[in-house]
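Protein chains: 2
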Amino acid sequence: MRCFVSGCAGFIGSHLVDRLLSLGHEVAGFDNLSTGRTQFMAEALRNPRFRFAEGDLLETDATARAMADCEFVFHLAANADVRFGTEHPTRDLQQNTIATVHVLEAMRETRAKRIAFASTGSIYGEAQVFPTPENHPLPRQTSLYGASKLGAEGFIEAYCEGFGMQGYIFRFVSILGERYTHGHVFDFVGQLQEHPEFLRVLGDGKQRKSYLYVQDCLDGILAAVENSRAKVTVLNLGTDQYCEVNQSIEWITEEMNVRPELIYAGGERGWIGDNPFIFLDCSAARALGWRPKASIKEGVARTVRYLREHPELFGAREGGFLRAGGSA
Amino acid sequence: MRCFVSGCAGFIGSHLVDRLLSLGHEVAGFDNLSTGRTQFMAEALRNPRFRFAEGDLLETDATARAMADCEFVFHLAANADVRFGTEHPTRDLQQNTIATVHVLEAMRETRAKRIAFASTGSIYGEAQVFPTPENHPLPRQTSLYGASKLGAEGFIEAYCEGFGMQGYIFRFVSILGERYTHGHVFDFVGQLQEHPEFLRVLGDGKQRKSYLYVQDCLDGILAAVENSRAKVTVLNLGTDQYCEVNQSIEWITEEMNVRPELIYAGGERGWIGDNPFIFLDCSAARALGWRPKASIKEGVARTVRYLREHPELFGAREGGFLRAGGSA
Numbered sequence: 082m083r084c085f086v087s088g089c090a091g092f093i094g095s096h097l098v099d100r101l102l103s104l105g106h107e108v109a110g111f112d113n114l115s116t117g118r119t120q121f122m123a124e125a126l127r128n129p130r131f132r133f134a135e136g137d138l139l140e141t142d143a144t145a146r147a148m149a150d151c152e153f154v155f156h157l158a159a160n161a162d163v164r165f166g167t168e169h170p171t172r173d174l175q176q177n178t179i180a181t182v183h184v185l186e187a188m189r190e191t192r193a194k195r196i197a198f199a200s201t202g203s204i205y206g207e208a209q210v211f212p213t214p215e216n217h218p219l220p221r222q223t224s225l226y227g228a229s230k231l232g233a234e235g236f237i238e239a240y241c242e243g244f245g246m247q248g249y250i251f252r253f254v255s256i257l258g259e260r261y262t263h264g265h266v267f268d269f270v271g272q273l274q275e276h277p278e279f280l281r282v283l284g285d286g287k288q289r290k291s292y293l294y295v296q297d298c299l300d301g302i303l304a305a306v307e308n309s310r311a312k313v314t315v316l317n318l319g320t321d322q323y324c325e326v327n328q329s330i331e332w333i334t335e336e337m338n339v340r341p342e343l344i345y346a347g348g349e350r351g352w353i354g355d356n357p358f359i360f361l362d363c364s365a366a367r368a369l370g371w372r373p374k375a376s377i378k379e380g381v382a383r384t385v386r387y388l389r390e391h392p393e394l395f396g397a398r399e400g401g402f403l404r405a406g407g408s409a
Numbered sequence: 082m083r084c085f086v087s088g089c090a091g092f093i094g095s096h097l098v099d100r101l102l103s104l105g106h107e108v109a110g111f112d113n114l115s116t117g118r119t120q121f122m123a124e125a126l127r128n129p130r131f132r133f134a135e136g137d138l139l140e141t142d143a144t145a146r147a148m149a150d151c152e153f154v155f156h157l158a159a160n161a162d163v164r165f166g167t168e169h170p171t172r173d174l175q176q177n178t179i180a181t182v183h184v185l186e187a188m189r190e191t192r193a194k195r196i197a198f199a200s201t202g203s204i205y206g207e208a209q210v211f212p213t214p215e216n217h218p219l220p221r222q223t224s225l226y227g228a229s230k231l232g233a234e235g236f237i238e239a240y241c242e243g244f245g246m247q248g249y250i251f252r253f254v255s256i257l258g259e260r261y262t263h264g265h266v267f268d269f270v271g272q273l274q275e276h277p278e279f280l281r282v283l284g285d286g287k288q289r290k291s292y293l294y295v296q297d298c299l300d301g302i303l304a305a306v307e308n309s310r311a312k313v314t315v316l317n318l319g320t321d322q323y324c325e326v327n328q329s330i331e332w333i334t335e336e337m338n339v340r341p342e343l344i345y346a347g348g349e350r351g352w353i354g355d356n357p358f359i360f361l362d363c364s365a366a367r368a369l370g371w372r373p374k375a376s377i378k379e380g381v382a383r384t385v386r387y388l389r390e391h392p393e394l395f396g397a398r399e400g401g402f403l404r405a406g407g408s409a
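The listed protein sequences derive, respectively, from chains Z and V. Going by the numbering used here, the first residue of the first sequence is number 82, and it counts up by one from there. Going by the numbering used here, the first residue of the second sequence is number 82, and it counts up by one from there.
Don't read these hints as lab results, they were simulated from the structure. Keep in mind that a hint or two might mislead.
[Said to hold, decoys possible] To be clear about the criterion: a stretch of chain Z counts as covered by chain V if any three or more of its residues have a C-beta under 8 Å from a C-beta of chain V, and this derived list gives those stretches:
#1 172-184
#2 224-233
#3 242-249
[What the hints assert, rightly or not] Derived DEER-like restraints, expressed as beta-carbon distance ranges:
#4 Z:Asn-308 <-> V:Val-210: 24 to 30 Å
#5 V:Glu-275 <-> Z:Ser-115: 16 to 22 Å
#6 V:Ala-368 <-> Z:Asn-338: 56 to 62 Å
#7 V:Lys-312 <-> Z:Phe-211: 19 to 25 Å
#8 V:Arg-192 <-> Z:Phe-211: 33 to 39 Å
#9 V:Val-210 <-> Z:Leu-114: 42 to 48 Å
#10 Z:Ala-311 <-> V:Phe-165: 22 to 28 Å
#11 Z:Phe-244 <-> V:Leu-114: 27 to 33 Å
#12 Z:Glu-140 <-> V:Arg-146: 27 to 33 Å
#13 V:Glu-140 <-> Z:Gly-245: 33 to 39 Å
[Said to hold, decoys possible] Listed next, the in silico DSSO-like pairs over lysine-lysine satisfying Cα-Cα at most 27 Å (straight line):
#14 Z:Lys-287 <-> V:Lys-312
#15 V:Lys-287 <-> Z:Lys-312
#16 Z:Lys-378 <-> Z:Lys-287
#17 V:Lys-287 <-> V:Lys-374
#18 Z:Lys-287 <-> Z:Lys-194
#19 V:Lys-194 <-> V:Lys-312
Ideal Cβ positions, reconstructed from N, Cα and C, are used throughout, including at glycine.
Based on the provided sequences and hints, a complete structural model is requested.
Here it is, written out as structure tokens:
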């Protein structure tokens, strides 16, 4: 199968490319390299079944050109910065909602009919039901990120209805693992490498979050694509666990063998739109035969090990350590 | 109070302008006149408390200029064409989702803090619960129109959370009354004026729809704005009734005194994304003291009478009679 992967140089996207290539597929990767990194595609770029096009989804012609002859579209490119949404309010609209419609339009042009989309548990806002099922009551959006992804989901569903496409929408918890370059664990490791004696934590550290290891995430995506024949499949992907931010700090400091003083900013939420509790009901994905293999603790530990082996990833970090401490 | 009304030359918007002026408010109207009509503002334009700016919400500077010094924003401008969404797939994105974010950005620039938004029962897609409550399980979008409005709702909620705004989101059934210029009743009247001997009906005529008279709709909007102090208020607005399309045909033909042959296109749905049953639970709006006064039959009758007195409204109708027969 010939696959198109947007965001192919990103964290999840680059792992997906490697996986698809290892399964024997041909992959057309597309990335504007705004946050993606060429080094994550190092192995793929040596594979003759991979072709890479540097481009932006907001350029419709370039997108359709790169997508030519692809049967399946994995749309992973996004602005994944949940926390700083209000500092650049139209970025989520542009890079998540509008970019997704551009992908759908390119699919109409190139006659690609199947799409898998990386959505987010953030669309549940502050959920009222735990673990949160896919058919949760219509939630109130608390972040521009969540709003932009919910809008993108809606357009994908409407294109499936209107143009005979087939859609797979995955609502992720936070994904961890090798090549992870933003968010809470990344920021904590960065801080502790710079100043092992203290750690600044947004909120009160009691926010409860759920994480999924990136290879388990890919297993879930591929299980759904192989096993669900519905016009639109909407699936939560997470572990059956959650942990407090404080718990993840213990795992990180243990792995790094440091004993920092913890400096809490205070408050239930780390930032405006932060969700104090994320825990998704993943029984629908499990019913398709999927099961995550790594625990949250293992996911955190592998991430910390990877980050310690790759100090160069911290150089270009947006905002620096003073802004660090929490992300979805 | 100084109010901004986008879509001030449209069906609902022009009535809202008249109402706000009659209540003593100052009104800054904004409309690109793409479907709005200057004749609907005839009375308002003679009022010194009304100022009109012709402009498009996609032009951000013009929007902010027109909004200057307004405290309350009524955002009614939209692409309201549910049925032909798939013929111009990016129109809903542009005119509904992106335009709404532009309104929100103009509010940030001008420091307006309160917004009322005309959303739609179409965001429930094919609802699973009747009457459909505001907290219906997260629905699957079946139209680009619904998707674009759901996205807009999400951004309004996120701006309220992130920027301290207050939002009122109204999910309408189809609104009827004077100045109504699109949709099913409009198309039926147009057809019957041209050829009273037959009427083409999309679907099987058994689609069950709910309608609300435009003045009742305005009562609902104003009751919520006056009585709800929540950060975000989401309200269905409709009648406690529904009718079959066939029933509305009886009322229309009775009012027009014609006996056409009915030619059904067949099928449960009038078009892709048509919703065979719309019936909203409006108890939350009623709890704020609102109650619609006109029955669906009265709303239909008043609409037919108005349209017969205004044959000029049919001249510019998009698509002509062959495309007539159903709209939300």
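Looking at the structure, which of the earlier hints fail to hold? 5 and 18
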